[in-house]
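Given two chains presented individually in distinct reference frames, assemble the corresponding complex, making use of the accompanying hints.
Chains as they are written, first to last, in the working numbering: chain A, 1 to 235; chain B, 236 to 670.
Treat the hints as calculated values from the structure; they're not laboratory data. This structure is a prediction, so every number in the text was calculated from the model and none was measured. Any given hint might turn out to be false.
[Stated by the list, open to error] Below, simulated DSS-like cross-link-like pairs (lysine-lysine); rule was C-alpha separation at most 25 Å, straight line: (1) Lys667/B / Lys149/A; (2) Lys316/B / Lys425/B; (3) Lys316/B / Lys167/A.
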Amino acid sequence: MTPDDMRRDVRTENLWKIYQQASEEVQAVRDVTLTIQPGEFTALAGPSGSGKTTLLNLIGGLTRPTRGQVRVADHELSKLPNHVLARLRLNQIGFVFQAYNLLPVLTARENAEFPMLLQGVSAEERTRRVDELFARTGMEGLEDRRPGKLSGGQQQRVAVVRAVASKPALVLADEPTANLDSASSDALLDLMDELNRDLGVTFVFATHDERVMERSRRLIRMVDGRIDSDVIRVG
Amino acid sequence: MMIARRKAFQIRVIAVLALRNLRRQVRRTLLTATAIILGAGMLVFSNAIGDGTHEQWIDDGVRTGSGHATIEHPAFRMSRKLEDRLAADVRAVAEAALATPDLADRVTGVSAQLTISGMASSAAGARPAHILAVDPQAEVDFTNLDDQVIEGRYLQSDDRLAAFVGVGLVETLDLRLGSRLVLTAQDTNKEIVGQLVRVVGVFRNGAPPVDNTVVHIPLAIAGEWLGSGDDVSKIAVMVEDSTEVSSLVRRLRQALADPVDAGRVTVLGWREAMPALASLVAVDQFGSYVIFAILFVIIGFGIVNTVLMSVLHRHREFGVLQALGLTPRQTGAVVLLEGLLLTTVSTLVGVGLGTWLTWYFLGDGFDMAVIAGDSLANNMEMGSVVIDPIIIPMFSVARTLQTIGWIMLIGILASIYPALRATRIDIAESMKFDQ
Ligand SMILES: Nc1ncnc2c1ncn2[C@@H]1O[C@H](COP(=O)(O)OP(=O)(O)OP(=O)(O)O)[C@@H](O)[C@H]1O
Ligand SMILES: [Mg+2]
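Excised from the complex, chain B in its bound form (with noise of 0.2 Å):
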């Protein structure tokens, strides 16, 4: 009963001793506290600008290009070639898989594609064509180029002989909308076929290679016209944002085990879809953390100053608490726990101030513009990938618990060395009356 109370007193007096020490250095503790949470704040909200930076350059890197997933023959990415394609039946269970209900409450976008490599040709000339089949009212859950439309309108589920192109190939082409064209490729027999079609919608996309090269025609016509029926090149998925591909990934291998293990199908996530995009993240990821580990360090140094700084000035006050019983261990343990206090608190309240500013920008997105510069503010151009300069903050709670035990690590680990010399300090000698 004694014991037990002794305990909890001891406990209770090295916290009364911690906090009181804290409101007494207001300054020293105020000022320490602001660099913690300016610190955290910036962390918080710099990694959601950073996450949503990614995700959009990952929103419009899978949406021009395979999606989050993507199902396709295994040779396909090699080859490029037709006759590396889905087979009607593969992609019947694909489907079927995204159409459970797991799945498809997951899923914001399917879309089957095959993809052609041919030339467009019209009286003005001949261009080589990025041509993709699709299905009109899939795609348009899917690409961006719907909205990219500088002239007449995108692919409808009725269109037959459509075709809907960008704006660079309209102009070598020397097209207009109602122009006919026509499109050449090798079908399933390795015969030159052709196929004739009408412009219905110009895009503008941006990136070159994209306006100069890409048609969009509806998938039914380019079966009859290459005799490869139902076939697609790929099955494209997309999701809410990338946090759920792997699970997404790890589904679909499930689905299709029979087939993948036949060798007539693959499953990839958009980082082995589209390893260039993947790198580019991580590059800038890495910088990233470059920057918060100066930050981390900054942030230590605050705290060891802090916190020393008070040891130092204390040793007089260390040596009493000793003589007057308090172990080692415990005097430790008043320093531990001021920095510990200093750093819970101050990170709490930076966290808070960063998540607020997140969801501040949540809404209308942080346009990068305001810091890149003026050229910027229209475009930015990744590669062939057009990145809007409206960042909308992804927030993620599993961020912010990483930053709040990263921030905590440091506070205890800039604690410790203080928190050592309290243990260590000379009673006699503090206790000398010069001091």
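With the rest of the complex left out, here is chain A (with noise of 0.2 Å):
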């Protein structure tokens, strides 16, 4: 591992994510550490309820922990202000959420190149790099329609594309098959599959798709807020 990895990769540490619901707490997540290395391809699975939406969402700064701490690219997310945090995930995250995730009122091509604009990449530089990457997932001649005129396979390639074209250390991926029929996910796996090995992307996923847990090379499973095993798959 070279210093530069040391830097990029993820960890959590005493990790305590908990709701206050009128009487009872509920506790998302408990004391979950945890360390991902660059170039991962993580599935996250449990139950429902069992805090994997939540986990994902304290390493992608969306949401506060409780307690303990979670460090992305040697920045200690709680000590961070919120518009440092959104920089943070402009620069260094990328996300793939369940669905509806692309904004209605760009077209595929825009919705693609939104971080990238607001990294300040160049016109030319956008271009083609998301004319590779539609190239890549089939995507060719839709780049001008909205998501509205796409259909859910076809909007998660989008969202996908938007996810690692701005180049960030790590894709956090929130049930990115859920809607999709068998074929759809496959070509998405595909995908992801390639651009991890390719370009060396960091995928973290939390799934309940037997197909998804199949295919990743390291298998977290979650229990009631708490890792109750983690698996290193050959792959």
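Right, here's the structure in full:
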């Protein structure tokens, strides 16, 4: 591992997220300590309510922990104000959500270019990257469509292109295949697998999908907010 | 380089999102835009009508009264007495000042008048009279009475023993054209003296106090009759419109600084000279402001409603924006910009419409009788001032800018709350699938 890789890993230390519901408290994430190395292709599995989404949100800085620490790219997230967190996400983290995560008023290309635009990437460079990724994902010809005119699988492909085109160190995907038929989810997994192998992008999925678990190279199972098992698989 | 470009791109992203969101909600956008356009248009037009009305009140008032500005003896206003008059030398200084090029350009009428309280009598009886001794030639540009002749004519410069008399007085004294009547008043030595004059013209103004008492005679006759020579009670000055009054008064006070300091003369604007008219205008203006305030509140709620609704419906979208790296402040900026764009464009269209409407009525005027009903169709009377029902709207750039400023302010204020809501959304919460 190079020193640069050291800086790109993700660590959580004794991480807790407790939601205060009217009378009872919900411990969504309980004392999770975890390190994710650069280039991992990791699935986070577990029954509904086990805390997968919450853990992803904590790592992505979308939610603040109740206790404990999250370090991403050598930044201790709990110490950062919201606008700095936003900038960290812009430069280090790509997100893919279960559904409806494209901006409805932008075309497929504009959606895919969006984070690069915020980063200040030049027009030629944006076009080059999106053209290449759209070609790899079979999205050519659909660049000018708005999300409303794309199928669920096509929308998810645009979301994945958007997540990786801005060259983040880490992509967090929350049930990216949940709304897709098996052919579409296989295609999407192929794409992410390829991007992971070719570009070294780290992927972490929260999923119920057996296919995603099978293709992951590390499988973490959560139960009641805790890590129940953590298995490195040979890929 | 990269950082400058990043800033520029981010601003562009915010603008594009705001514009596209307005376009996506066409119906909601158009509805609110229509409300703002109508509001702004109404505001501009009713302001122009209101200002035009007031201008007309002022114009009618100052013509029957003492001009946009009056130069007179400090004590005259209260005493109305002949002894509190302007000496000939002060009159000369004032008239010289009014003749200097910068004032002469703006002044549309000057009337040096001697006001005399006296009696008018004929074989049929005697009545109190407000006798106004004027320079016929100058007075023609000034008074409205020469337009209200029903018999004979107004005074002329070569008239000697002539009188222009209100119809009420003509009737009670049983006069006709060419009739003689005797005017009596105190002269400068406090002696009661009489003057014989002949009726050369009769007017009907419509306001009983004017028709029943006013008599105009040539100033030269009055000077001989009362021994006041070229002295006058006041010099009334008219300008193009009331907006020029304060600078006129300032210039005259400068020019007359010495006699003003000596207590021999004072310069009053119409507000000071006619406080009743001034308060009438102020009360009416206040009424309009109340209506405008209500209109502003309605427009404000319209904008809040549109912008806030669009925020509430787009929680998930704002969540995505922030997950992708837009800062909370930039997210708020998208919303603020939406409100601002909506308000700016609609306000400009509305103001354009109102201005067009104002121009349209500028030529022929706007007939208030259409709104006020036939009972007012002929003449409207306010106190002793008769008002024409045809209102010429008054367009003013300052007024229009003021209107634009107010609506824009409302637009900004109305967008702030929704924008704050957008900055404060809980990203994780907004991204939940079931939303
Ligand atoms: N905002 C919240 N307020 C209160 N409780 C919450 C909130 N968000 C999540 N929880 C609770 O935290 C626990 C973990 O939720 P989380 O969404 O992380 O589970 P998950 O593993 O992603 O489930 P699923 O597979 O159904 O998506 C659940 O019990 C949930 O009800
Ligand atoms: Mg979940």
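Results of checking the hints against the structure:
no., hint, verdict
1, Lys667/B / Lys149/A, "holds, 23 Å"
2, Lys316/B / Lys425/B, "holds, 10 Å"
3, Lys316/B / Lys167/A, "violated, 94 Å"
In terms of the numbered hints stated before, the structure departs from hint 3 and from no other.
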